[in-house]
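Residue numbers (UniProt numbering): 1 to 1015.
Just so you know, these hints were derived from the structure itself, not from any lab.
Glycine residues also receive a C-beta, built at the ideal position from the N, C-alpha and C atoms.
Hints may contain errors.
Distance condition first, Cα-Cα at most 30 angstroms in a straight line; then the derived DSBU-like pairs of lysine-lysine [as the list claims (entries may be wrong)]:
#1 K393 to K491
#2 K871 to K632
#3 K531 to K237
#4 K952 to K908
#5 K941 to K873
#6 K243 to K632
#7 K632 to K689
#8 K263 to K237
With beta-carbon atoms standing in for the labels, derived distance ranges [to be verified]:
#9 N163 to K553: 33 to 41 angstroms
#10 N163 to Y386: 54 to 62 angstroms
#11 K356 to D420: 25 to 33 angstroms
#12 G589 to V995: 15 to 23 angstroms
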Amino acid sequence: MSHLRLLADTLKCCGISSFVKKNVNRTVFWPSRPYVSPGVKEPFLSGSNSTYVEEMYYAWLEEPNSVHKSWDLFFRNATAKALPGQILPSSCPDPSEMQTSLIQSHGLTKAPGKAEKLVGDHLAVQSLIRAYQFVGHYKAQLDPLGIHAVSFAASMNHCNSTNFEFYGLYESDLDKVFRLPTTTFIGGTEAMLSLREIIRRLENTYCQHIGLEFMFINDVEQCDWIRQKFEMPGVMKFNNEEKRTLLARLVRATRFEDFLARKWSSEKRFGLEGCEVMIPALKTIIDKSSEMGIEYVIMGMPHRGRLNVLANVIRKELEQIFCQFDPKLEAADEGSGDVKYHLGMYHERINRVTNKKITLSLVANPSHLEAVDPVVQGKTKAEQFYRGDTEGKKVMSILLHGDAAFAGQGVVYETFHLSDLPPYTTNGTIHVVVNNQIGFTTDPRMARSSPYPTDVARVVNAPIFHVNADDPEAVMYVCNVAAEWRNTFNKDVVIDLVCYRRRGHNEMDEPMFTQPLMYKQISKQVPVLNKYADQLIADGLVTLQEFEEEIAKYDKICEEAYARSKDNKILHIKHWLDSPWPGFFNLDGEPKSMTCPSTGIPEELLSHIGQVASSVPLEGFKIHGGLSRILKSRLEMTMSRVVDWALGEYMAFGSLLKEGIHVRLSGQDVERGTFSHRHHVLHDQNVDKRTCVPMNHLWEQQAPYTVCNSSLSEYGVLGFELGFAMSSPNALVCWEAQFGDFHNTAQCIIDQFISSGQAKWVRHNGIVLLLPHGMEGMGPEHSSARPERFLQMSNDDPDAFPQFEDDFEVSQLYDCNWIVVNCSTPASYFHVLRRQILLPFRKPLIIFTPKSLLRHPEAKSSFDEMVPGTKFKRVIAEEGVAAESPEDVNRVIFCTGKVYYDLVKERKNQDLEKAVAIIRLEQISPFPFDLLKVEIKKYAKAELVWCQEEHKNIGYYDYVKPRFRTIVNHTRPIWYVGREPAAAPATGNKNTHLVSLRRFLDTAFNLEAFEGKTF
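Produce the entire structure from the sequences given, and follow the hints as far as they go.
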């Protein structure tokens, strides 16, 4: 803060702010050693035209009769905190006259040394107070072990600024009385305190078991709110009932871990020993939030303490948890399942403190600890959206973190930067960091470059409350304040629980190998339950007998649950759902049917959607001239009963909106589209920020359409959209990569959540990934969406020929882990998007979308391919002259996607339309065995060729080859035509691209190319 600001605070305390406004440009006195924030230059001190109001005020403090009577009246009113209009009565002279009277009464021509010292001391006290607010947390006693694993020199230098001698104050000044500035609340109702008392109160507020980081927040109201919550005398008090409740919660948290350790001493469980206070902390946050109106809390957390949270926060039945430890029990559900400390949970119950219904959901997550953060945020946003909770007053999220992961995982930063973006904000998240002061075996000094693991939160101005986890009451107070902060300001807040890890990384680990000194101290550490119980017993709040009875009561509950856990009928993965969809499935969790209706829609709907897509629904809305031409072209296509790619997407989205299906499209630049083809958001060329979304003007009664450009994040945003899609089955949630290649930075979400989520956690999810893909000489990072990765993770068996049934298509989709398609026509794209919602279950859908086909003159579809009775074609058979005489066909080329148009053009150029049939696979996985068997049988004499534009080791060949061989029972070869194997997925040289394209097209239609080669 500048020196003028400090002086203004000083003069304001004296009640003479009006004088400041008139004399703000005059030179002011400054203490001899002011505290100056980093980057702020020392104030310039000079000039002889100094004001002497300050000197007069201090003179009046010592002797009221020493000043003019008008000034005496003025200072009396100011000290008595008179109203602004009463401070300077009409009888008082003008401030300039008062200054003159002051100078004349003292016969002064320059500032005397005594006055300068008084002013300097007063300003020094303000600087001292501000120093505590800025850096007092560095002196706080946060580490329960007392070893302070991280001690940076910079931190110690900051602490010097909390020494009063640093500001030119001395022992002799300690008993002097100073008026407190308006930027502190340590005085409570007292306006003046001695320096000794000021320092004592500052030490109690900022340097005990709570360390506050908040002065970087650039909002005065928010800073004052935090100061008031912590600086006001006597704020951190709990009544006897609250203390007894806290003790009971600590008993449950501690004895649960003890019970698991006794029963399963050799099992990994990632226990909470050393931070048992986390359980009452979470319960306090939930209690306070429930009191303020929250109805639904969505949580994400890593391994440590998860079972304890499930048992004592969400209140999952203990027998359901204990049975997970029994190796003899087999799950009654299909799927791989997951380890017990990855599983999630959903539960509705009554909050005993508020007597209100509360819903709690803990989202399942893998060992990629922080990957769950954006998933939780997306799920929270969806729940708020569907409830109309625009301010987050009914639904909120809590994220728990480990210290090493919070500091080290980039997705934490990506998720924080979604917190204030309108399409992604959840109106504030409470982050709880379980700060073990160690990451597996890595010392914090080797794990991060900042003093705290929480420094990443500063980028969004989130306050950070560090607290010693061995002080339960301090933890509870911080949790209450955090819940109030989130409710008041709708912003993130971080609670840093500084604790320790009593055992190793897991229960089988030996921590003494790498942290011998830390664990020697831990072995001597008295558990927090014992400490707090001794404190309450000493205070007479509970007796030793009551404490022991509380322990025995919970131990009995655990033993009875353990006995019930032997029933092998209770082990069902479905008991661990974190996102149930009531009414969507049957009571047994199965689809209500195994059929899918036609995905076509009436032509009048197609025409209506096309006309709206070609218009600007708002009056006086000026659009870009180039966009006018695009809209005119759309209208012409609509009148001609054809659609291109963008209009086909418009038809799919618009028709679903009419049916009450919310559509959400998110990603980098999706509003316009990377390739400037979509234009779902129109921008007024004359009015800043005025936009129009025609899709939301289709019908009066329609579901909302959400289209939103995201931050430049793939990992965080894809996780967010996955979480959004988890919330409801009745929404089409799409994430589009700017280029398909860019999904690689979100690979964790794809691998750990999307591909395997149903198998591990019985979690159905209908998210759609739109990945622009195609070899066009644009280089290795703008070409391939790496289809081989998705196909490799597909779970259909290449060697098992399925049994075909009437509902084979739907049942095959039900059995797969996800659907992979590469559409070659707008109609295919239209149908597959609609099928995604009309299926009686939900599967992730991966679509390799085109680039050059967006404007390809041949890549258009007729309305006839989209009307009732039509549906998505998994395989598009040859429809030309070759199909009329299949016995004359010498070669059948199978392909997928854009390369089809290159093949058709080349076939025509070589006049081979009768000799070569071209068949497209629109759906690649699950593999369309049934349809391809019919096609192969039809062309019994022809050679079978797979042609792709990707390199041989990339793309589809390794996936399709064994499946084709299974169809023909290994009796016919399937030849490869395409580019040679390569390390990079595409060339960046246009000529090289064209040469390789020419080469494989020549091979594809050289009917003698494979003669003499062995299979």
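Hints versus structure:
1. K393 to K491: Given that 30 angstroms is the threshold and the Cα spacing comes to 12 angstroms, the pair holds.
2. K871 to K632: holds (29 angstroms)
3. K531 to K237: Holds, at about 18 angstroms.
4. K952 to K908: holds (25 angstroms)
5. K941 to K873: holds (25 angstroms)
6. K243 to K632: violated (71 angstroms)
7. K632 to K689: Given pair K632, K689 holds - Cα atoms ~24 angstroms apart, limit 30 angstroms.
8. K263 to K237: violated (39 angstroms)
9. N163 to K553: 33 to 41 angstroms: violated (51 angstroms)
10. N163 to Y386: 54 to 62 angstroms: Once the Cβ atoms are compared, 55 angstroms apart, the range 54 to 62 angstroms for Y386 and N163 holds.
11. K356 to D420: 25 to 33 angstroms: Holds: the Cβ-Cβ distance is about 29 angstroms, inside 25 to 33 angstroms.
12. G589 to V995: 15 to 23 angstroms: About 55 angstroms separates the Cβ atoms of G589 and V995, which means 15 to 23 angstroms is violated.
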